[in-house]
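Chains as they are written, first to last, in the numbering used here: chain A, 249 to 563; chain B, 249 to 563.
All the given hints hold, so there is nothing to weed out.
No copy labels: a pair is met if it fits in one copy or bridges any two.
The calculated lysine-lysine pairs, modelled on DSSO-like cross-linking and capped at a C-alpha distance of 30 Å, are: (1) 374 - 514; (2) 374 - 508; (3) 532 - 508; (4) 556 - 508; (5) 514 - 532.
To be clear, the hints were calculated from the coordinates, so they are not data collected in a lab.
Here are the chains, one letter per residue:
Protein chains: 2
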Amino acid sequence: MCKAPFEGHGQGLYQGERGDMRDDNFSRQLRASGQLVNVTLERVLASQRMPDEVRAVLRYTLESPGKRVRSVLVLWCCELLCGRVNRDAEIAAAALEMVHTYSLVHDDLPAMDNDDLRRGLPSCHKAFDEATAILGGDALLTLAFEILASRIGEAPVAVRLIRQLAEDAGANGMIAGQLADLEAERVAGSEALLEYIHTNKTAKMFRCAAAMGGICGGGEDSEVARLCEYGLKVGLGFQIADDMLDVSAGSKELGKTAGKDARAAKCTYPSVFGMEASRRCAEKLADEAVGILEPFGAKAENLRRLAKALLNRAR
Amino acid sequence: MCKAPFEGHGQGLYQGERGDMRDDNFSRQLRASGQLVNVTLERVLASQRMPDEVRAVLRYTLESPGKRVRSVLVLWCCELLCGRVNRDAEIAAAALEMVHTYSLVHDDLPAMDNDDLRRGLPSCHKAFDEATAILGGDALLTLAFEILASRIGEAPVAVRLIRQLAEDAGANGMIAGQLADLEAERVAGSEALLEYIHTNKTAKMFRCAAAMGGICGGGEDSEVARLCEYGLKVGLGFQIADDMLDVSAGSKELGKTAGKDARAAKCTYPSVFGMEASRRCAEKLADEAVGILEPFGAKAENLRRLAKALLNRAR
Chain A
249 MCKAPFEGHG QGLYQGERGD MRDDNFSRQL RASGQLVNVT LERVLASQRM
299 PDEVRAVLRY TLESPGKRVR SVLVLWCCEL LCGRVNRDAE IAAAALEMVH
349 TYSLVHDDLP AMDNDDLRRG LPSCHKAFDE ATAILGGDAL LTLAFEILAS
399 RIGEAPVAVR LIRQLAEDAG ANGMIAGQLA DLEAERVAGS EALLEYIHTN
449 KTAKMFRCAA AMGGICGGGE DSEVARLCEY GLKVGLGFQI ADDMLDVSAG
499 SKELGKTAGK DARAAKCTYP SVFGMEASRR CAEKLADEAV GILEPFGAKA
549 ENLRRLAKAL LNRAR
Chain B
249 MCKAPFEGHG QGLYQGERGD MRDDNFSRQL RASGQLVNVT LERVLASQRM
299 PDEVRAVLRY TLESPGKRVR SVLVLWCCEL LCGRVNRDAE IAAAALEMVH
349 TYSLVHDDLP AMDNDDLRRG LPSCHKAFDE ATAILGGDAL LTLAFEILAS
399 RIGEAPVAVR LIRQLAEDAG ANGMIAGQLA DLEAERVAGS EALLEYIHTN
449 KTAKMFRCAA AMGGICGGGE DSEVARLCEY GLKVGLGFQI ADDMLDVSAG
499 SKELGKTAGK DARAAKCTYP SVFGMEASRR CAEKLADEAV GILEPFGAKA
549 ENLRRLAKAL LNRAR
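Excised from the complex, chain A in its bound form (with noise of 0.2 Å):
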């Protein structure tokens, strides 16, 4: 069903920190986990019982040429601490991006961000209606868990794995920050709330990937808490490389609406700080993730190179 990961959008990440290393080894292997992140995704879909009308919703929306970002890390964080991608890694990666595209097909709805381009595609409410929209993201959601809890072989990795989906997905998290986002529309932007609505809306969702590879790669527990400082600062740079591009980025280039955060009047760092020091910032979070990942060794050689790529792709 899935077209080829980053393809159309999401090109940017090839460049890698130079803009110049589009066939390296790590682009290589970034498009082929991004795949296997597809495949996955395809193989649950048509795999799980349930009535074409509702495949189709959720097809649409999982096939949409996506980054992967945040499944390709549930993959490498894995294999950073088995040596390998395993089988829960895979079903853990399809999970957290159900959840992560529910929450753009809820996000795009007209009572919330109203954007009616997704990923190159008319959204999930414009190709359907909103009543789909809204059931089609929480059969996503349901489904996330549904799959966590039926197909990880061992019951307490399953039960660790929901318990950290549902918690940085949650109330006091991705909610809890896309709460805050609405309601910063109405207040004056400062460093506080920013770094409050990053966090929730987008840097623990990052965390979360980066916990459940641990998780599935047999992590002690001091190493996936590295690996969740990792996910935080770069889910925090990326979040910041993402508003800096809605400024400076089209709608085509994007695959999504460009602008809409100005005219939203979003609390956002370039609003706030302005893009150099936007720039700056990211760059920072960046030198910080990569400097936690050092007693991993050579091993982490990608997981460092996706923290430089995420913060300075061209989208």
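Got chain A sorted already, so can you dock chain B onto it with the hints?
Below, chain B without anything else, positioned relative to chain A:
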């Protein structure tokens, strides 16, 4: 936080099958079990970490005076199999109530059933706004899985409960039924379509409640399967009774807008077969549900009474 269960609305349940049992043993136990669900919800909500703004939304939705029928079913099915309501059943009941409540919050949205009134109070999107209702529903759904993953004693039990809840509430359960229900407003109703909608939209959550209770009670697979059969029948009958009430009762009695099904050209038993045939069908389902409980003997008396009371309630 929570009001006395059934307060204000749902009092018809206390009338039992002959309408005169407000103070008998069954009614007292029903009230006590509903109160236990409320206390558990309150305790869980108070002890979960989340911003006050999010807690206020979840509190508003969870403390509205619902009937707690599904969650009481969890408690009673556990008690049937192991002789008492254990801690796992309390958590499972709270999780099920959260999922039921999220489904009401999203169902009331303007893009769905567009109802301003729920359980006698302004719907979540009227008390707050649409974005908050979408996110609040998402938070409830996520929290249900979080408490199952973090508060159930044994990981294998937690995983079974999560799988059951996700299956029955998800893309091949409640959500499939809700999508079909919306779609059915555009087509002529048939018995097969009605049964499909009712089974998925309503009965699977009753089945889920019975199964979760059975799992918490440590039941044999055959016992849990029997409780599932009972739950499905009770759920189907409950939906028919609900649709009959939409025709015969006023908004004040219902706690939600009355007569909406007919105006929305909803596909319901009364609209397709008329009130008298609907009543006969609901009674037949209650009798079948009672019959399924036969092997459990006298200790299933409350579940028998519940089947009858739900179908004969004034609302």
